[in-house]
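The chain contents come next:
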Amino acid sequence: MFKSRPASHYLFQYGFYGLVLVFLAGILLSFTFIFVTLFASIIIALLLEPAVNYWETRGIPRVLVILGIYVFIAALLALLCSFFIPVFMDELKNFAANLPAYGSMMHEAILKVQKVARDKVPWLAMPDYYPYLQSRLAATVQKAMVSVPALATSIVSLVSMALLVPLITFFLLADGHLFSNNILSLVPNRYFEMSVLLFHRVMDALKRYVRGQLIDSCAITILTCVGYAIVGLPYFVVIGLVSGLANFIPYFGPIISFCAAFFVLLITPGLFSVWSVTAVSAVFLAIQAIDGTLIYPNVVGKTVNLHPLVVILGVAAGGNMGGIVGMLLAVPLISICKVTFEVLYSYLKSYSII
Amino acid sequence: MWSAFRFSKQKEDLLDMLAGIPIFEGFSRNNLKLVERMLHSRQYKKGEAVFTEGEPGAGMYIIISGEVEITRKFNHGELSLAVVREHGFFGELALLDEMPRSASARAAAETVIFGFTRPSLESLCSRNPRLGIKVLLNLSRLVCRRLVKSNDALELIQNRLGVERKEPDNREGAAVHV
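Going down the list, the sequences are from chains P and B.
Under this note's numbering, the first residue of the first sequence is numbered 1, with each subsequent residue one higher.
Under this note's numbering, the first residue of the second sequence is numbered 1, with each subsequent residue one higher.
One or more of the hints may lead you astray.
Stated by the list, open to error - Capping the alpha-carbon separation at 30 Å, the derived lysine-lysine pairs in BS3-like fashion look like this: (1) B/73 <-> B/45; (2) B/134 <-> P/207; (3) P/93 <-> P/112; (4) B/46 <-> B/9; (5) P/349 <-> B/45; (6) B/33 <-> P/207; (7) B/33 <-> P/349; (8) B/73 <-> P/349; (9) B/46 <-> B/11; (10) B/134 <-> B/33.
Simulated from the structure, these hints should not be mistaken for lab results.
Here chain P stands alone, though its shape is the one from the complex:
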């Protein structure tokens, strides 16, 4: 029968593998660039995998399928850019040209609010807020100027990432199972079967979440663009894109989306009225109702299966630690941890390890 080993054997074994994991985690976290690039590549590979598998079943070699998809995506991006970029640049130019007017409008609005407050509620003794806001704005601009070198570095990182991500994604799509096989080959025999099942469960959960979330975000983008275009809100393309991206952040994303629409409403001359606020709010609520009842349950549904409180706290913690990127990565990371702990506990019990 199997010889029982002394406790010190397991201590050394677990200690060694723990050290290896801590070392790898330390490297990844120290070089955030590597971690973010790898994570982005894995996400894109998970998104493109169904299309690659579909065409491979038609008898086309996998490498050719991947190259074909890359060419298609590049052509699609070029087409979208040729259409959207002029619209986006026009809207940006209008916004920049109207910025001084927006500034004076905001000044008048603040003065109006202060006058009404002083007339109606004199005991409040409301101070003049505008000089304070001006000084804060000047300080923010100065801080931004000082951080221009850091911004330049981050632009270089972004460009490097833009080049590396497609390359790493290509290799993940072509030989992804070889990478996973190589990682699993490092696992000791005793934990091999458990590791195989755990790895595939985690990847499966991640795949379903990412694909579902992308479909949901695309739907939100289209609905937002169409809805705000109908009610005549300017910059509806920008707001649509912002809404689609913000939709990746649970609970806080729709708030960001509404704030963007409301901000445009505020700064557009002659647009701010009871009717326009009602129209924008109605469009926002209609989009959220369609998403909440039709799209999200069917597309994302229970792929994550997290309690709303856990999601809110996780997103808040992610935002605190890593800003927008932290908020975007919070839910998939929590989902991975949850699946890992659930499956690991179940398998450790089944495999009589604990």
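Keeping the supplied structure of chain P fixed, place chain B upon it in accordance with the hints.
Coordinates of chain B only, in the frame set by chain P:
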């Protein structure tokens, strides 16, 4: 880069061996190459467990070199059911379901085996559904042949012992299939 276009003799031998495995029966050379890329290579020392009875199964194993002893616990101890040698295979039922292993497998010598896991089979089914169906059909045929053999052996034992036949339990299908 050129290694992608060459195939060593070692891999050719492996493909020849895979062609002899019943679940890969009828596979073309290219199909076997696709399967070969999905295999996990594992090395076991003498006495090391490949899997243990009662644990969830992840897949089947094909022996490249060495031998593996299949054992099962009974009331009076552990009984050796079979010894699987080079180019043999075992654990194939785990490709169908994550049910607990019905027996234990332990390396009887320094052994090199290739594992073909259930996730790999699922990946094969999504990448090449025709090939995946072929594997499942071959596996079903293998299970059916073994079930028929088990029925014959059970009948022989019952006849020798003079045991009366029980009515089959129909909750999960009849115990005897014809």
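Against the structure, the hints come out as follows:
1. Under the criterion of a C-alpha separation no larger than 30 Å, the hint pairing residue 73 of chain B with residue 45 of chain B is consistent with the structure, at around 22 Å.
2. The hinted pair formed by residue 134 of chain B and residue 207 of chain P meets the criterion: a straight-line CA distance of about 26 Å does not exceed 30 Å.
3. Taking the CA atoms of residue 93 of chain P and residue 112 of chain P, the gap is near 28 Å; set against the 30 Å cutoff, the hint holds.
4. Straight-line distance between C-alpha atoms of residue 46 of chain B and residue 9 of chain B comes to about 28 Å, which keeps the hinted pair within the 30 Å bound.
5. Among the hinted pairs, residue 349 of chain P with residue 45 of chain B is consistent with the structure: their alpha-carbon atoms are about 25 Å apart, no more than 30 Å.
6. Only pairs whose Cα atoms come within 30 Å are accepted, and residue 33 of chain B paired with residue 207 of chain P is accepted, the gap being roughly 26 Å.
7. Proximity of residue 33 of chain B to residue 349 of chain P is assessed by CA-CA distance (about 36 Å); at most 30 Å being required, the pair is judged violated.
8. Straight-line distance between C-alpha atoms of residue 73 of chain B and residue 349 of chain P comes to about 20 Å, which keeps the hinted pair within the 30 Å bound.
9. Using a Cα cut-off of 30 Å, the hinted pair residue 46 of chain B and residue 11 of chain B holds, with the two alpha carbons roughly 25 Å apart.
10. Between residue 134 of chain B and residue 33 of chain B the alpha-carbon distance is near 15 Å, which keeps this suggested pair within the 30 Å criterion.
In summary, the one numbered hint that this structure violates is 7.
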